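Protein chains: 2
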Amino acid sequence: MTSRADHKILLDESEMPTQWYNLIADLPTPPPPPLHPGTHVPIGPEALAPLFPMDLIMQEVTTDRYVDIPQEVQDIYKLWRPSPLFRAHRLEKALGTPARIYYKYEGVSPAGSHKPNTAVPQAYYNYKAGIRKLTTETGAGQWGTALAFAGALFGIDVEVWQVGASYDQKPYRRMMMEVFGAIVHRSPSMLTQAGRNQLALNPNHTGSLGIAISEAVEVAAQDPAVNYALGSVLNHVLLHQTIIGEEALRQFAKVGDYPDVIVGCTGGGSNFAGLSFPFIRENLKNGKNTKIRGVEPASCPSLTRGEYRYDFGDTAGMTPLMKMHTLGHDFVPDPIHAGGLRYHGMAPLISHVYELGLMDAVAMGQLDCFAAGVQFARTEGIVPAPEPTHALAEIIRQAKECKETGEEKVLLTALCGHGHFDLAAYDAFLGGTMIDHELSQDSINAALETVPRI
Amino acid sequence: MTSRADHKILLDESEMPTQWYNLIADLPTPPPPPLHPGTHVPIGPEALAPLFPMDLIMQEVTTDRYVDIPQEVQDIYKLWRPSPLFRAHRLEKALGTPARIYYKYEGVSPAGSHKPNTAVPQAYYNYKAGIRKLTTETGAGQWGTALAFAGALFGIDVEVWQVGASYDQKPYRRMMMEVFGAIVHRSPSMLTQAGRNQLALNPNHTGSLGIAISEAVEVAAQDPAVNYALGSVLNHVLLHQTIIGEEALRQFAKVGDYPDVIVGCTGGGSNFAGLSFPFIRENLKNGKNTKIRGVEPASCPSLTRGEYRYDFGDTAGMTPLMKMHTLGHDFVPDPIHAGGLRYHGMAPLISHVYELGLMDAVAMGQLDCFAAGVQFARTEGIVPAPEPTHALAEIIRQAKECKETGEEKVLLTALCGHGHFDLAAYDAFLGGTMIDHELSQDSINAALETVPRI
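Protein chains in written order, with my numbering: chain A, 1230 to 1683; chain B, 1230 to 1683.
These are computed hints drawn from the structure, not numbers from a lab. Among the hints, erroneous ones may be present.
Since the list gives no way to pick one copy over another, a pair counts as held whenever it fits inside one copy or between any two copies.
What the hints assert, rightly or not - Straight-line distance between alpha carbons at most 30 Å, and here's what the computed DSSO-like set of lysine-lysine pairs gives: (1) K1362 / K1322; (2) K1322 / K1307; (3) K1307 / K1629; (4) K1307 / K1632.
Note that the structure is predicted; figures quoted are calculated from it, not measured.
Put together the whole structure using the sequences plus the hints.
The structure is reproduced here in structure tokens:
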């Protein structure tokens, strides 16, 4: 028997959800369509066919409320899913709060984050379509690791362009991708025109996510047996992540509790959407009233300080135009340690949900975040990745508020990964060399100048 | 409902064992007693009092069959325990074996290994005894991380002397200890006489486990409010680890299966004992017939090539003399990557069990081990620590044997930790620079020359 007094609320494999949830089906209005970068006309599914298999493209545009999870994908999910929902008894006690704090922990996956939830179905649908190789980009390496793992299970080759600076400074992630059998290139590389162009400008180029995307896309576009995979932002990626929230709903039902507040960190948005979208459905359809809040880094505040406009998904301006909260596609965030949150835009679907008033957002400086991460590690034992410390900092703030007011609120957060490969960031924090970057309105305005006028 | 067809066999927190098991109570003869290093007379509990609290000393010498796990320790265990028992369906399929392969996974703990199973009760009993600080040594850092975590939960300071070479080369483990609040010194340090002596001989000394032990013991011995903690070898450490095997027994009962073979890696022996001792009880008392096998590194083969003699536990010859399988206390193993298995001796209790014929042992070169680790990662998703790849290599060998014979054997192994901090070893393996060290009989004989004649 599991109860609220337990630390872990677990589901059997037989209780794992068998469908992903598509929030679009329950929204009062659909999100605006992507546009062709040249003509500014809405694009159809066929425009994505050179890069993605048709099953994923159909998921990208579907208005079905639920999408079945293929049996082959369920089988692999069960290597680590259902993931545990933890009650943070020891953190509550340390804070002296009457709030009940829960965290849904995705760090139990082989790659150590929520990313395999979408890497596995993406590899599966590509495998089913006869694709022999997937290309992708990665920064710090979470997404590349997840796709490398998924590729290994389906016998698909995975080729990763990793941002040069990370490739040089964080070799462990590269090594982990290689253990799973992936080939990892330092980006910019001599293997693509996009890479060669950059190296011609600067032979010591340390790369960027935008350049790495260009290299991966270039290789995939040239060979019909090679496709490209993306780890966040797109509708089908957010769809796959909803298994997180669907499980959490079942876990709360098991112990007779329900969250008053959900807080998640937002970079591209897939982890946040994965936990919160099923609860937004409950708000819209079943009379629930959970407050949903995204937390973004103060140095990359696309929701709280960006504009809701059509912009490119990549720095080079090669992707379709997507309506989203953006700081401008050539905005370069300060080098904070939460690499997974350093994205100039926000998933179009989350941006739409935000505009509809179904969620709100706050921005947080990294010093507060790491202080929360250390307190969490010393009470709950898990060293969180820098990204989810943003949500933890906000949860701790609210739990302290509850101590003042005496409210027994139920707080839920997505702990989307562990920090085993991010310890240098904790070292900087504990050593006193970490700083909070100030982001001037002028620099935001300058980056927004480059966004197309549509 | 959980069945053999599942990937994970889980227990609720309410099903967690509430007692540790003491194999000594069920052995036909007790293990030989430790001797005073000077007089060679058996030592009593009081000889250990300067370093350990009386509760742990009593556990060291108890002949009780079961020892209650304190409620405070149970509460902390539940942050990650009961740990999952996995059925390795995907590995079985890749091998084409009729064998059923199970692995008990301890990498879900906050420190990433089985070590917190004893670090937590050790910190608890010291806390109860009014101890304010614990000192210890660590090599690669698994044990130091576990004690740092346990100290954080009880508000006990933890001071760790880390072998200099590891301190320099593997900063992530140091950082993780610091996140948990521990103070980590590079050993040899200027803080102790033992350290200063070594630095006087060589200012650039890269340290050794033996020196680090001497430093930690020296500091603990000088202050009644400071104690020392050891992560393996001793009876009370093995006792605490038996929760692993007790859980596994309950998990097998849940799915109506039972292991024909148990394989574990052996360094000091605590992980191996933790899984196997409760099954040895079932062999002795309940008519079971599970074959128990230890796997040690070919470059540090204390069971298969050492001698069963009284020897010191540390290199400097400061500890009581313990009867154990030893390669000689100044034996220096080749620098294999499984740092946790580089110990010159074997736990006295395991040595005794081995002499009684209740288990056997084989030695394995590291190239075979890492090949097994990579195959495991690419099928089951978990990148194992170098230590348990020794057991995996033997399990895979036996599973292939079953393919030849058609036997549907049930194979169980202890997967005692993940390899997130050991990826450089995988990098060496995949890059082709790893070698198997040849261990000559002459070098073993030379080290055995230094063992006292008793």
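Here is how each hint holds up against the structure:
1. Taking CA atoms no more than 30 Å apart as the test, K1362 paired with K1322 passes between copies only; the shortest distance there is 23 Å, against 50 Å inside one copy.
2. In this assembly of identical chains, K1322 and K1307 lie within 30 Å of each other by CA distance solely across copies; the values are 16 Å between and 33 Å within a copy.
3. Taking the shortest alpha-carbon separations for K1307 and K1629, only the inter-copy value of 25 Å comes in at or below 30 Å, while the best intra-copy value is 36 Å.
4. Taking the closest pair of Cα atoms, K1307 and K1632 come within 30 Å of each other only across two copies (26 Å); inside a single copy the shortest separation is 38 Å, beyond that limit.
In summary, the structure agrees with every hint in the numbered list given earlier.
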